[in-house]
Amino acid sequence: MATKRVSIDPITRLEGHGKIDIFLNEDGGVAEVFLQIPELRGFERFCVGRPAEDMPNLTSRICGVCPEAHHMAATKALDDLFQVEPPPTARKLREMFYCIFFATDHTTHFYALGGPDFVMGPDAPKEERNILGVIQKVGMDIAGKVLKMRADGHRLIQMIGGRAVHPNWGLPGGVSRGITQEQRAEIERLGRDAVEFGKFSLDLFRKIVLGNRDYVQLIQSDAYTHRTYNMGTVDAQNRVNFYDGMIRVVGPDGTEHARYHPRDYRDYIAEHVEPWSYLKFPFLRKIGWRGFVDGPDSGLYKATPLSRLNAADGMATPLAQKEYERMFDALGGKPVHHTLATHWARLIELLYAAERWVELATDPEITGKDYRVLPTRKPVEGVGCVEAPRGTLTHHYWTDDRGILTRVNLIVGTTNNYAPIHLSVKRAAQELIRKGTAITEGLLNRIEMAFRAYDPCFGCATHYLPGRMPMTVVIRSPDGRPIHELRRGGPPGPVMPP
Amino acid sequence: MKPKGKLAIYWAASCGGCEISILAINEKILDVAAAFDLVFCPCLVDTKVRHVEAMPDGSIDVCLFNGSVRTSEQEYMARLLRAKSKVLVAFGSCATEGCIPGLANLTTRREIFETVYCEGPSTDNPEGTVPAPETRQNGFHLTLPVFYDTVRTLGQTVPVDYSLPGCPPEAPRIWDALVAILENRLPPPGSVLGAETTVCDECKRTREEKKIKRFRRIWEVVPEEDKCLLEQGLICCGPATRAGCGALCPQVNQPCLGCYGPNAGVEDFGGRLMSALASAIDSNDPEEIERIIAEGIPDPAGTFYRFSLASSLLRRRAMVPDARRHELPLPKAPEPQE
Chain A
0 MATKRVSIDP
10 ITRLEGHGKI
20 DIFLNEDGGV
30 AEVFLQIPEL
40 RGFERFCVGR
50 PAEDMPNLTS
60 RICGVCPEAH
70 HMAATKALDD
80 LFQVEPPPTA
90 RKLREMFYCI
100 FFATDHTTHF
110 YALGGPDFVM
120 GPDAPKEERN
130 ILGVIQKVGM
140 DIAGKVLKMR
150 ADGHRLIQMI
160 GGRAVHPNWG
170 LPGGVSRGIT
180 QEQRAEIERL
190 GRDAVEFGKF
200 SLDLFRKIVL
210 GNRDYVQLIQ
220 SDAYTHRTYN
230 MGTVDAQNRV
240 NFYDGMIRVV
250 GPDGTEHARY
260 HPRDYRDYIA
270 EHVEPWSYLK
280 FPFLRKIGWR
290 GFVDGPDSGL
300 YKATPLSRLN
310 AADGMATPLA
320 QKEYERMFDA
330 LGGKPVHHTL
340 ATHWARLIEL
350 LYAAERWVEL
360 ATDPEITGKD
370 YRVLPTRKPV
380 EGVGCVEAPR
390 GTLTHHYWTD
400 DRGILTRVNL
410 IVGTTNNYAP
420 IHLSVKRAAQ
430 ELIRKGTAIT
440 EGLLNRIEMA
450 FRAYDPCFGC
460 ATHYLPGRMP
470 MTVVIRSPDG
480 RPIHELRRGG
490 PPGPVMPP
Chain B
0 MKPKGKLAIY
10 WAASCGGCEI
20 SILAINEKIL
30 DVAAAFDLVF
40 CPCLVDTKVR
50 HVEAMPDGSI
60 DVCLFNGSVR
70 TSEQEYMARL
80 LRAKSKVLVA
90 FGSCATEGCI
100 PGLANLTTRR
110 EIFETVYCEG
120 PSTDNPEGTV
130 PAPETRQNGF
140 HLTLPVFYDT
150 VRTLGQTVPV
160 DYSLPGCPPE
170 APRIWDALVA
180 ILENRLPPPG
190 SVLGAETTVC
200 DECKRTREEK
210 KIKRFRRIWE
220 VVPEEDKCLL
230 EQGLICCGPA
240 TRAGCGALCP
250 QVNQPCLGCY
260 GPNAGVEDFG
270 GRLMSALASA
280 IDSNDPEEIE
290 RIIAEGIPDP
300 AGTFYRFSLA
310 SSLLRRRAMV
320 PDARRHELPL
330 PKAPEPQE
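So the protein sequences, as listed, match chains A and B.
Mapping of the first sequence onto numbering that gives the first Met the number 0: position 154 corresponds to residue 153, and the numbering continues sequentially without gaps.
Mapping of the second sequence onto numbering that gives the first Met the number 0: position 223 corresponds to residue 222, and the numbering continues sequentially without gaps.
Hints should not be assumed to be uniformly reliable.
Taking CB as the label site, the calculated pair distances span [to be verified]:
hint	chain 1	residue 1	chain 2	residue 2	range
1	B	Ala33	A	Asp400	54 to 62 Å
2	B	Val220	A	Arg265	31 to 39 Å
3	A	Phe199	B	Ala179	35 to 43 Å
4	B	Ser58	A	Gly331	52 to 60 Å
5	A	Glu364	B	Pro171	30 to 38 Å
Here's a subset of chain A near chain B, in silico, CB distances under 8 Å, partners left out [claimed, not checked]:
hint	residue
6	Pro37
7	Glu52
8	Leu57
9	Gly63
10	Gly160
11	Pro274
Hints listed in this document are in silico derivations from the structure and should not be mistaken for laboratory results.
The beta-carbon is built from N, C-alpha and C at its ideal position, and this holds for glycine as well.
Can you make the complete structure from the sequences, with help from the hints?
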């Protein structure tokens, strides 16, 4: 029976955005860990009765940090629902828009959230483990690059999709408006800057992280390693794609477990319910729910940037492909199960997103006027799937003859990783907290790093802004009296203008 | 030097888009930082709830509160921040009018739980487990906030001084409001910090006072780029919606969704929009009018109250509702941490 409880409130105890409880046993080791999501909004229910075409705009309100992902998954579900194939220009515009979003979002994560641990080191003083510290360490010009990358991304998203937050653009069979030659030129120019930014970011990662043996050991340590299945969307050649493709799942040993059309997701994914959280736990149906354990007999899977690279055979653009090979060579081949390598994979995806953005911006069809076809068939049922930055995102709708929703199912990005995040935190806590362990700032940060690698956006479940997650750890005596308290986190340094 | 003011930014049931929009004021955030100490903001600074509890009442100068109130925890935070703040601003659509998550007021908690946890097409839950406010899991005691039947706006929970509409409020409007606060020239309490005009006044499309014989769904027609969308039969919320965004959606050939809420002086968004649509219908025959509405507007609740159901005169689907809600344990103060 647990005698001590260590509460790690990602935000704070009562703020409703996710909370970790670590229960210690008599021996001072970790007895059990619970990551609770204390909020629900019920989109699956209240969207019933709404016109299906409202879904891109209704579901974008699931998350204001990644509204583009829900907007796009919903738009694709409408294509399927109305059985209408968007013309090539529409498909390309959507994928380009989506790559701009991906590059922008991954930039935020790496520089504001996950990166400072590496650039500054996990044991650096907390006031340095933030973007300010990063800037001081590697130079002021980086701040300018990061801000420019984010500002460019947001400006283009508004230019193409109508609004920077909650765009209003996707329709069954295409998009509401195309782009002009002038807009295309600007998108291309900023895309080329983004490719340079992606290269620069990987060089920075190599120099600071990979050039330090301690960090490499940390990445490969047991505390941050567990062997689960991995999921990602792949194109016809099994290369990573964010916008469209087949869903591929590989086992802990890297062999293919499944490769399926998004429409068949229910044959492969099921969701488990626990009474102590408002969020469900997806798992692989054919393997089954075995609780919070890893290995080939447990149906837990991850859907993260690293998972996408593990599940694919390569990247579809040349620079990203080189980086892909480099990462797997350095970490001992595929698949890689070290959670912290997710940061590296995220930067490779950033570079891919930027390269693909330029490819599409220079495609002769991208300024075509044929960006929309009107549906003519009766709506029945549709599934739309994209890779959100934080995992595979699935929207599934059923309607009546008039296109009024009768049933809705959503499996959102971070949710896929709920059980693995749980497992990662437990593993890190078990490895790091043992009898007599002094609970230090650095130790807390190392536990926090276990879930920060996933970039968990419980905005898709609850929500938090990419930024530093303040934490409190309270150690309680058997009678519940707090005997020790540590706080860490604090201001993230300068806020990041989008 | 004048002492810095104390600013709090809080999120309840919201999507995070309001925070993203605040950051979009870009370098002006430095002016805000120069004028205010950010004393509470879970996404940015490490002040805990119990620190806020320890502050004297009225010691926070301005609190920007986004998100609606849907759980016991959010209700507690709304009350706490009301007590601690001199000026409480309902920030964004969720806090001011309930926003899209407020459409949950067309359902009940039980229906939501059944749909999500028991009947989900991919849910594997033979035991019919649903989350509970209190559970014992292998002897470990765990709690969750109580999930209410009804989504409430901030103003339905505690008295609010100002509201700033929009989903999310556009960055220039956020800056306008901050300047008004910084220069201490806020309008009388109760005011909406926003424009007096409508989205139509900001929209560059030409209107010809043309009437329509049928409403069209957005997937049924490719609208002409320069003409009024409503006059092309699309349900555009522009005539009923407060200006402030610059008519962004019509610029990408999509109708206004109404995210900026009712325009000045209008209590019920849906009522205003219905009257605007009614005056666009080209018929005097009651039967024909009825047919045009029934065929063209298959989801009146979701169309007229997409963002504003929780704050509308309707508020929610009828149930014996709030009686039932009060059978639930009243929200308690957070467990003290020391």
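The hints, checked one at a time:
The hint said 54 to 62 Å for the Cβ distance between Ala33/B and Asp400/A, and at roughly 59 Å that hint holds. For Val220/B and Arg265/A, the hinted distance range of 31 to 39 Å is satisfied, since their beta carbons lie about 34 Å from each other. Evaluation of the 35 to 43 Å hint for Phe199/A and Ala179/B yields a pass: the beta carbon distance comes to about 41 Å. Separation of Ser58/B from Gly331/A is about 56 Å and conforms to the stated range, judged on CB atoms against 52 to 60 Å.
Distance hint check for Glu364/A and Pro171/B: the Cβ-Cβ separation is about 35 Å, which falls inside the suggested range of 30 to 38 Å. Here the hint on Pro37/A is kept, as its CB sits about 5 Å from the closest CB of chain B, short of 8 Å. Using the Cβ-Cβ criterion of 8 Å, the hint placing Glu52/A at the interface with chain B is satisfied: the shortest such distance is roughly 5 Å. About 5 Å separates the beta-carbon of Leu57/A from the nearest beta-carbon of chain B, less than 8 Å, and the hint is met.
Because the beta carbon of Gly63/A sits about 2 Å from the nearest beta carbon in chain B, less than 8 Å, this interface hint is met. Interface hint status for Gly160/A: upheld, as the beta-carbon distance to the closest one in chain B is roughly 7 Å, under 8 Å. About 5 Å separates the beta-carbon of Pro274/A from the nearest beta-carbon of chain B, less than 8 Å, and the hint is met.
Violation of the numbered hints given earlier is absent; every hint is satisfied by the structure.
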